[in-house]
Amino acid sequence: MDFSLFPRDVFADLDRLQRQMQQAFEFSPSIRGFARGGFPALNVGGTPQSVEIYAYVPGVDPSSIEVNLERGVLTLSGERKSALEGLGAKDTVHIEERFAGKFRRVVTLSDDLDPDSVEARCKDGLLHISVKRKAAAQPRRVTIQ
Amino acid sequence: MDESKLTREAKRDEPALLPPVDVIEDASGITLYADLPGVPKDKLDVQVEADTLTISGEMAVAMPQGMAATHAEVSLPRYRRTFTLSKELDPEKLSAELKNGVLKLRIEKAVHAQPRKVQIKVG
Numbered sequence: 001m002d003f004s005l006f007p008r009d010v011f012a013d014l015d016r017l018q019r020q021m022q023q024a025f026e027f028s029p030s031i032r033g034f035a036r037g038g039f040p041a042l043n044v045g046g047t048p049q050s051v052e053i054y055a056y057v058p059g060v061d062p063s064s065i066e067v068n069l070e071r072g073v074l075t076l077s078g079e080r081k082s083a084l085e086g087l088g089a090k091d092t093v094h095i096e097e098r099f100a101g102k103f104r105r106v107v108t109l110s111d112d113l114d115p116d117s118v119e120a121r122c123k124d125g126l127l128h129i130s131v132k133r134k135a136a137a138q139p140r141r142v143t144i145q
Numbered sequence: 001m002d003e004s005k006l007t008r009e010a011k012r013d014e015p016a017l018l019p020p021v022d023v024i025e026d027a028s029g030i031t032l033y034a035d036l037p038g039v040p041k042d043k044l045d046v047q048v049e050a051d052t053l054t055i056s057g058e059m060a061v062a063m064p065q066g067m068a069a070t071h072a073e074v075s076l077p078r079y080r081r082t083f084t085l086s087k088e089l090d091p092e093k094l095s096a097e098l099k100n101g102v103l104k105l106r107i108e109k110a111v112h113a114q115p116r117k118v119q120i121k122v123g
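Residue numbers (my numbering), protein chains in the order written: chain A, 1 to 145; chain B, 1 to 123.
In case anyone wonders, no lab produced these hints; they're calculated from the structure. All of these numbers come straight from a predicted model, not from anything done at the bench. Careful, some of the hints might be misleading.
Claimed, not checked - Below, in silico cross-link-like pairs of lysine-lysine (BS3-like), each with a Cα-Cα straight-line distance of 27 Å or less:
1. 81/A <-> 117/B
2. 81/A <-> 41/B
3. 109/B <-> 102/A
4. 109/B <-> 90/A
5. 104/B <-> 102/A
6. 117/B <-> 90/A
7. 132/A <-> 117/B
8. 99/B <-> 123/A
9. 123/A <-> 87/B
10. 81/A <-> 87/B
11. 109/B <-> 87/B
12. 104/B <-> 90/A
13. 123/A <-> 41/B
Chain A with its partners taken away, still in its complex shape (with noise of 0.2 Å):
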């Protein structure tokens, strides 16, 4: 037993218990993954007729965020400023957590989009982008005859 006065880091402890409790509960991602803490967060949702994508990208300038879709890819890049920038000599920062910087996120999302009707709206931080399916790729109710 080790009587330490200064235990181990608590919260790289802690770090490790979430990973390892991911590891547990999240089944067979995709290659590209879809890790997660990342910078936007992001909710992925589908419909028979589309995806729909929600990116959390508070404090972002939304025509300086560059959406690209190829072959079934999402990838979103930009770049969020630091509010810390531009301190005076005096001036004390007491909490530091929000993201500052670059940002890159690739998300695999199925194959049967079509890159064509992709549309982005940005509100409260809050950027939805919807791609429809393709037509082919579409449930369709089959006739008996």
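With chain A's structure known, arrange chain B on it following the hints.
Chain B alone, transformed into the frame defined by chain A:
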């Protein structure tokens, strides 16, 4: 207990996300930035009760009907975070600005609490 307080207390118990913040202090006050993406102005609530500052907000996300989530990193539709203010901050002098999902909160220090340079006498 009036009704608004009841609903407020009920809201306090709802699970919420903890928004990341930056807090910077300068000579005349404190500036707080909080990331609240998806929260429109009318769903944002900034409250000071005694020495407790509470920031809370509900997201307004329009989702198409019949959407099934396949991947979710933001798993709750609301944010909440509480801070304890120190005495020298004047809650009357609080200003808030919400832009692109970032809340900028400025709290001035009470005049008597602003720094004064102390003269050191030699001798």
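The hints, checked one at a time:
1. Under the criterion of a C-alpha separation no larger than 27 Å, the hint pairing residue 81/A with residue 117/B is inconsistent with the structure, at around 33 Å.
2. For the given pair, residue 81/A sits about 22 Å from residue 41/B by alpha-carbon distance, which is consistent with the 27 Å threshold.
3. Distance hint between residue 109/B and residue 102/A is unfulfilled; the C-alpha atoms sit about 34 Å from each other, more than 27 Å.
4. Proposed proximity of residue 109/B and residue 90/A is supported: the alpha carbons are some 15 Å apart, at most 27 Å.
5. Straight-line distance between C-alpha atoms of residue 104/B and residue 102/A comes to about 21 Å, which keeps the hinted pair within the 27 Å bound.
6. Straight-line distance between C-alpha atoms of residue 117/B and residue 90/A comes to about 13 Å, which keeps the hinted pair within the 27 Å bound.
7. About 64 Å separates the Cα atoms of residue 132/A and residue 117/B, which puts this hinted pair outside 27 Å; it is violated.
8. Using a Cα cut-off of 27 Å, the hinted pair residue 99/B and residue 123/A holds, with the two alpha carbons roughly 10 Å apart.
9. For the hint linking residue 123/A to residue 87/B, the alpha-carbon distance of about 37 Å lies beyond 27 Å, and the restraint is violated.
10. With a C-alpha separation of about 32 Å, the suggested pair residue 81/A and residue 87/B falls outside the 27 Å cut-off, and the hint is violated.
11. Among the hinted pairs, residue 109/B with residue 87/B is consistent with the structure: their alpha-carbon atoms are about 9 Å apart, no more than 27 Å.
12. Restraint check for residue 104/B and residue 90/A: the C-alpha separation of about 20 Å stays at or below 27 Å, so the hint holds.
13. Our distance criterion of 27 Å between C-alpha atoms is met by residue 123/A and residue 41/B, whose separation comes to about 11 Å.
Violated hints, in rising order: 1, 3, 7, 9, 10; the structure is consistent with all others.
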